[in-house]
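Chains as they are written, first to last, in our numbering: chain Z, 1 to 263; chain V, 1 to 762.
Honestly, the hints are just simulated from the structure, not real lab data. Please note: incorrect hints may appear among the correct ones.
Some chain V residues close to chain Z (C-beta under 7 Å, calculated; not the full set) [said to hold, decoys possible]: (1) Glu-93; (2) Gly-461; (3) Asn-464; (4) Asp-702.
Each pair of labels, with its calculated beta carbon distance range [stated by the list, open to error]: (5) Gln-98/V to Thr-5/Z: 49 to 55 Å; (6) Glu-11/Z to Glu-129/V: 34 to 40 Å; (7) Ile-99/Z to Gln-658/V: 27 to 33 Å; (8) Asp-165/V to Ile-99/Z: 47 to 53 Å.
What the simulated footprint calls covered on chain Z by chain V, stretch by stretch (three residues with Cβ under 8 Å from a Cβ of chain V suffice, anywhere in the stretch; the number is not a length) [stated by the list, open to error]: (9) 18-25; (10) 242-255.
By construction, the Cβ of each residue, glycine as well, lies at the ideal position given by its N, Cα and C atoms.
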Amino acid sequence: MEVLTPRSLAEALALKAERPDAVPIGGGTDVMVELNFDRARPDALLNLNEVGELKGWSREDGRVRLGAALTYADAMRPPLCDLLPALAEASRTVGSPQIRNRGTIGGNLGTASPAGDALPPLLVEGAEVEVASVRGSRRLPLSEFLLGPKRNALAADELVAAAVVTPSGQPQTFMKVGTRNAMVIAVCSLALVADRERGELRAAYGSAGPVPALVSAPLADREAFAERVAAAARPIDDLRGTAAYRRHALRVLTERALERCLA
Amino acid sequence: MGDGTVPRMHQRRATTTAPARPELELGRVVPAERRLDGVPKVTGQFAYASDLSAAGMLWGHTLRSPHAHARIRALDLSQALAQPGVHAVLTHEDVPGQKRYGLEFADQPVLAFDRVRYYGEPVALVAAEHPEQARRAAARIRVEYEPLEPVADAPRATELPPIHDHRWTHGHGYLDDPRPNVVRSLVIRHGDPDAGGDVSVAGVYELGMQDQAFLGPESGLAVPDGDGGVDIYVATQWLHVDRDQVAPCLGLRPEQVRLHLAGVGGSFGGREDLSMQIHAALLALRTNRPVKMVYSREESFVGHVHRHPARIEAEHRADRDGRLVCVRMRIVLDGGAYASSSAAVTSNAACFACGPYAVANALIEATSVYTNNPPCGAMRGFGAVQTCFAAEAQMDKLAAALAVDPIELRLRNALAPGDTLPTGQRVSGSLPVAEVIRRCAELPLPEPEELPRDAIRLPGGAGNTTRGEGVRRGVGFALGFKNLCFSEGFDDYCAARVRLFENAGGELVAEVHCAAAEVGQGVTNVIAQVARTELGTENVVLAPHTTATVDSAGSSSASRMTWMAAGAIRLACRAAREELERRGGALAGGEIGVERVYRHPRTWPLDPDTGQITGERAHVAFACAAMRVVVEVDAELGLTRVVWIGAAQDVGRALNPQAVEGQIEGGTAQGLGLALMEEISTRGGLIDNASFTDYLIPTALDVPPVESVLVEDPEPDAPYGVKGVGEPPTVVSTAAIASALRDATGRELARVPVRPDDVVGL
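Throw the hints in and build the complete structure from the sequences for me.
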């Protein structure tokens, strides 16, 4: 297996154009699991750890640009955790401290798992995904980026460059149900924003459908909202939980999240 | 992070000492040293079996069955043999000696022929220069399978076609049950099984399949000796029984096969059966190169036996005062495809089904069956875990029916020395059941914690699912016991050899040989401690654990190794000391070498028709434990947090109190895993969660502080009064946690692991 290690974003994009089969790797918390289980043996890995442009986060015109290599640990630190509190809460539910130091938001987007913990908080904040290639870069809403279980809208020559969010500054939270109290993949999860400014409730569920998905309603519809979220989800029975439990849990989580955010 | 830190486990040890029986000469024992393997293990310096290497080494890989049950129509090795780096591809045709092996019954093929009977059964072997080459080549072996209907439902297995053509377990002194697929059935009839009480409670209980989940996967290195023999370095629990199974399959004499203990990363029963020992040796002898095999985590889940899933129907009858009149239980254990130690597990499940209570009448029927599920065998607690879960749920039900305090009910029925067990065996040694109950019940419960608190101190933990909504507190209690050492007439012994010599400085040095497997429990410390005690010297050197220089130590299992090793080391050291004294107390340049064999008191088989003893005893001795548990349950989401566990355990005499506490904490955590999350999930015999992604084991956020009380009531039949301590906590903690969850939720929770759906009532 070849490991390609570009030193800049331009070099990374050039390599990706040249070797579309190269699997991008950041923290490796998803990719290495695939290799370890012998589920994948790509001919090449595109190691993005030396690409400075992907690291950290910045503010631009009231928006926040989260580099693809932003780690969960980064997202938990002030002041970012105050700008995107649900994302910080979600980051804290990811794995162990070691995993949070390695795992990245870009990786969560790239993997596009229904259980990706960063995805619901980004959805409720209306995040866009910035993807780049030698052909240029484009931004698309996260809800359009996520196509299906572990499928996203990246073209073969594209890389995730960033997630771009306009923080609502509105009360929000994230909760994740798992069958142990740490280091667990979501049985189901929920992010919720009570946006008084726009008079809107926005929730996004994880692990309760083929992709994490957004449900919104006017603030006035608070009473019916939990039921609405549960009804919108498309959960299945699998190893980690039953569809019936997932729907039930989403109802409970939504009620609790509303309490937290509207108290 | 600003989220606070996980509260440090606090420990408090209170030791209580029952007055020693005057006739007991226990002897002084020098204090325990710090763990000999402690620093290497925590600093990452310890060499585990997976770290082994040798010059010119090849890597072995096992091709395994993707089916739970299938006929093998054809095997084509040609493509595999043509792969780069491949040195050998072997099938059952290449097994030079016996084609089958087994711990108790040789019913398991070294490599499958004709049929595969479980998912992951070894079919062929590859040795190659690189592990990836070996894996890739194995994938090129063409096996033509004809899938067969799997026998997957254990309670129905006795009505389905037999998965073995031969009745492997018949003719061994057990009841020869004519029903198909029975490994062993044992009925214990005690008193009048139809005796009625004033009150009766009943239930049906189930336990899922738990895995030992040791962190060090199966690994070993086989090195040909150039003379037709082989040295095998392996992580195992019993070197000599491995040798005695490996040699006949290789067609070698036992002394041509030498087993050496490599660093063991946990065992818990899962290394009693062979894994890669014969396979690596076959490849090494064929290629004349050292061959290493290391299972991946996924492979490890099919590489060893698991805890038997069980279905238990129970009925308890008591009089108005809460005295047990009659216990009736029907136990079905899923043994999986091969016998492993199912026969002994069946006996244990039956013998300890009533718990440590005096019961005048009982009818216990236990059956283990062959199925096409993963093979099950030894795991910490060994049958007693399953029945303790059922029996203690029944005791709680009985307490509720009688409106008696559950702890008081247990005290009223507590077994005591002199009492008779359902097998007819009289308890002749130490068994301080009432004392253990009382000491546990005396532990103060922690005060409810105030809200708000950090999410990690609430059910759901890091998931941030509650700030107190839906949270209810519950308190539970359970009591359990099991046997120490092997039972039912097994000729069990432990050998030790001591060599005394003078070092260059003229000081006396003792070199101690014992094949006892250090599996993390700390037996090497016990060996050194006993040698220092008996020889009065600090110059004690432990020789490597091997079959090459000393006779068998028996197995590091059945809570027996401390007892047996201490017995053997003491005998050998005393013999060496006597010889030294005979020589006037000096070696004068010479040396002394003595080997001694220790045997515990004899046991006898159970009568196959009545389940009653046929001699003085069927079990050597017993140990009990009690646990009190506080939980918090999020009743709306079904998530849990175990807040606190208080344990009192009958430990005989604690030679190394810190190590005993470690066993209690670890054993408790393993039982917690079974109560809350650990289950191998199978569908039609196929495992669908063979990884730590989906087979969850407790983390530091799931295991609470464990407060241990060591109840010391020395065992008269054991050296220094010791008892094994590794299993009783696991026997009890699953039951105790389930009891607390029932208290919190009011639900029956008759199956473990308890799922969120069960708590919520979906």
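So, going through the hints one by one against the coordinates:
1. Glu-93: Violated: closest Cβ of chain Z sits about 28 Å from Glu-93/V, beyond 7 Å.
2. Gly-461: 3 Å, holds
3. Asn-464: Asn-464/V check passes; min Cβ-Cβ to chain Z is 5 Å, inside 7 Å.
4. Asp-702: Because about 5 Å separates Asp-702/V from the closest Cβ in chain Z, which is inside the 7 Å limit, the hint holds.
5. Gln-98/V to Thr-5/Z: 49 to 55 Å: The hint (49 to 55 Å, Cβ to Cβ) holds, given that Gln-98/V and Thr-5/Z are roughly 53 Å apart.
6. Glu-11/Z to Glu-129/V: 34 to 40 Å: 35 Å, holds
7. Ile-99/Z to Gln-658/V: 27 to 33 Å: 32 Å, holds
8. Asp-165/V to Ile-99/Z: 47 to 53 Å: Because 50 Å falls inside the window, the suggested range holds.
9. 18-25: violated (count 0)
10. 242-255: As far as the region 242-255 of chain Z goes, the hint holds, because 7 residues have Cβ atoms under 8 Å from chain V.
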